[in-house]
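Engineer: Between the sequences and the hints, there should be enough to build the whole structure, so can you do that?
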Amino acid sequence: MYKGEADWSLIAEVKNNPRMRIPVFGNGDIDSPEKAVEYKNRYGVDGVMIGRASIGYPWIFREIKHYIKTGTQLEGPTVAERVIACREHLLMSIKWKGPKLGITEMKRHYTNYFKGISHFKDYRTKLVTTSELDEVLEILNYIEAHQEEFILVNN
Amino acid sequence: MVKIRNIELGEFPLLLAPMEDVSDPPFRALCKQYGADLMYTEFISSEGLIRDAAKSRQKLDIFEYERPIGIQIFGSETESMVQSAQIIEAVNPDLIDINYGCPVKKVTCKGAGAGLLQDIPKMVRLTAEIVKATSLPVTVKTRLGWDDDTKKRRRSSRALARYRDRSHLDSRSHP
Ligand SMILES: Cc1cc2nc3c(=O)[nH]c(=O)nc-3n(C[C@H](O)[C@H](O)[C@H](O)COP(=O)(O)O)c2cc1C
Ligand SMILES: Cc1cc2nc3c(=O)[nH]c(=O)nc-3n(C[C@H](O)[C@H](O)[C@H](O)COP(=O)(O)O)c2cc1C
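As you go down the protein sequences, you meet chains H and F in turn.
For what it's worth, this note's numbering labels the leading residue of the first sequence as 44, then goes sequentially.
For what it's worth, this note's numbering labels the leading residue of the second sequence as 815, then goes sequentially.
Just so you know, these hints were derived from the structure itself, not from any lab.
Please note: incorrect hints may appear among the correct ones.
Covered stretches of chain H (in silico footprint by chain F; criterion: 3 or more residues with CB under 8 Å from a CB of chain F, positions within the stretch not fixed) [claimed, not checked]:
1. 62–71
2. 97–103
3. 106–114
Distance condition first, Cα-Cα at most 20 Å in a straight line; then the derived EDC-like pairs of lysine to aspartate or glutamate [unchecked claim]:
4. H:Lys-138 x F:Asp-835
5. H:Lys-140 x F:Glu-825
6. H:Lys-150 x F:Glu-856
7. H:Lys-78 x F:Glu-943
8. H:Lys-138 x F:Asp-838
9. H:Lys-140 x F:Asp-838
10. H:Lys-83 x F:Glu-825
11. F:Lys-846 x H:Glu-131
12. H:Lys-112 x F:Glu-825
13. F:Lys-920 x F:Glu-825
14. F:Lys-869 x H:Glu-131
15. H:Lys-108 x F:Glu-825
16. F:Lys-846 x H:Glu-118
17. H:Lys-83 x F:Glu-822
18. H:Lys-150 x F:Asp-838
19. H:Lys-138 x F:Asp-875
20. H:Lys-112 x F:Glu-822
21. H:Lys-138 x F:Glu-856
22. H:Lys-150 x H:Glu-175
23. F:Lys-919 x F:Glu-856
24. F:Lys-846 x H:Glu-124
25. H:Lys-140 x F:Glu-822
Quick caveat: nothing in here was measured; it's all calculated off a predicted structure.
Every residue gets a Cβ at the ideal spot worked out from N, C-alpha and C, and that includes glycine.
Structural biologist: Spelled out as structure tokens, the structure:
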């Protein structure tokens, strides 16, 4: 569905129309602090909206803020921090939707939370095949406790 | 300071996009924790909402710690959209967002979402009616036109500019 790059030059045109009295936020393809700042400067929008890049990576918001403020990259989350966020998400999900749906609907998020970790496939497979909360938590706890075994290749 | 009416959003706000099956309360809690300045719910069908469909109603649930938060609706019937705006107002979000960007067939075929970009006067009328029907600020989320005809794409955004409290523009044209 998403073919090609979003065309922000038209957003800039709308934003810079002298008759435009309301703030305009740009949206489309922002996936890093650098890109957010580059687009901020190049297109003059009042803010940006982020979709896909936040899925399994809510840290993108604080990373962009940090980059705007300091011009330097904030260290990405550690493996343990990813587990903690993922577990929090899972538990809230269960509270919100009930155990069955909560566990099932979390499955689409695991890939994203643990993206960039080498040799993670077996753990991911386990996470998405079990429907038992105990087992999911056990796997997550294992990863958290053994984070030195998991190597983040990008970030 | 960027503001939507009285809502102060900071110097360069970062918004969490509305995403069906993703932007639910658990996910939003994490995004809020890590710095999203304004968040939106998943989109809600106005037809579902006025018929009190459970799926639509559930998406109205918002929490104090989420503020500022916007509830997004889609639809093409003025009457249903206006009624939905009133239902939404009753749950007291910070703002209402109208979806003029959804390219998914089941939505556009009924003339909603990005389908409205094919009838810009109607989109403008619909927006005006909703703004009139609610005391909440209204934002619209649109893409820049239905097709690759640049002129048409520009026209849609200009036409709306007069009515909106805020717009956020989604920059893809319909694939
Ligand atoms: C899974 C998914 C669901 C979406 N659901 C909605 C929606 O309900 N309403 C809407 O306006 N846009 C929806 N979108 C579009 C996003 O809000 C956003 O405009 C789009 O993903 C482009 O931003 P991005 O490149 O940062 O992801 C959805 C996108 C995705 C990926
Ligand atoms: C409910 C829903 C609403 C959507 N609304 C929008 C929208 O308003 N603007 C947009 O650009 N894309 C919208 N999308 C498109 C989604 O971004 C698209 O389905 C998704 O990116 C599919 O990505 P995939 O090809 O990776 O499956 C919407 C999708 C869904 C499911």
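Engineer: Hints first: check each against the structure and report whether it holds.
Structural biologist: Here is what the structure says about each hint:
no.: 1; hint: 62–71; result: holds (count 10)
no.: 2; hint: 97–103; result: holds (count 5)
no.: 3; hint: 106–114; result: holds (count 3)
no.: 4; hint: H:Lys-138 x F:Asp-835; result: holds (16 Å)
no.: 5; hint: H:Lys-140 x F:Glu-825; result: violated (36 Å)
no.: 6; hint: H:Lys-150 x F:Glu-856; result: holds (19 Å)
no.: 7; hint: H:Lys-78 x F:Glu-943; result: violated (37 Å)
no.: 8; hint: H:Lys-138 x F:Asp-838; result: holds (12 Å)
no.: 9; hint: H:Lys-140 x F:Asp-838; result: holds (10 Å)
no.: 10; hint: H:Lys-83 x F:Glu-825; result: holds (11 Å)
no.: 11; hint: F:Lys-846 x H:Glu-131; result: holds (13 Å)
no.: 12; hint: H:Lys-112 x F:Glu-825; result: holds (11 Å)
no.: 13; hint: F:Lys-920 x F:Glu-825; result: violated (38 Å)
no.: 14; hint: F:Lys-869 x H:Glu-131; result: violated (24 Å)
no.: 15; hint: H:Lys-108 x F:Glu-825; result: holds (10 Å)
no.: 16; hint: F:Lys-846 x H:Glu-118; result: holds (19 Å)
no.: 17; hint: H:Lys-83 x F:Glu-822; result: holds (19 Å)
no.: 18; hint: H:Lys-150 x F:Asp-838; result: holds (15 Å)
no.: 19; hint: H:Lys-138 x F:Asp-875; result: holds (13 Å)
no.: 20; hint: H:Lys-112 x F:Glu-822; result: holds (19 Å)
no.: 21; hint: H:Lys-138 x F:Glu-856; result: holds (18 Å)
no.: 22; hint: H:Lys-150 x H:Glu-175; result: holds (12 Å)
no.: 23; hint: F:Lys-919 x F:Glu-856; result: holds (17 Å)
no.: 24; hint: F:Lys-846 x H:Glu-124; result: holds (16 Å)
no.: 25; hint: H:Lys-140 x F:Glu-822; result: violated (32 Å)
In this structure, the hints that do not hold are numbers 5, 7, 13, 14 and 25, in rising order.
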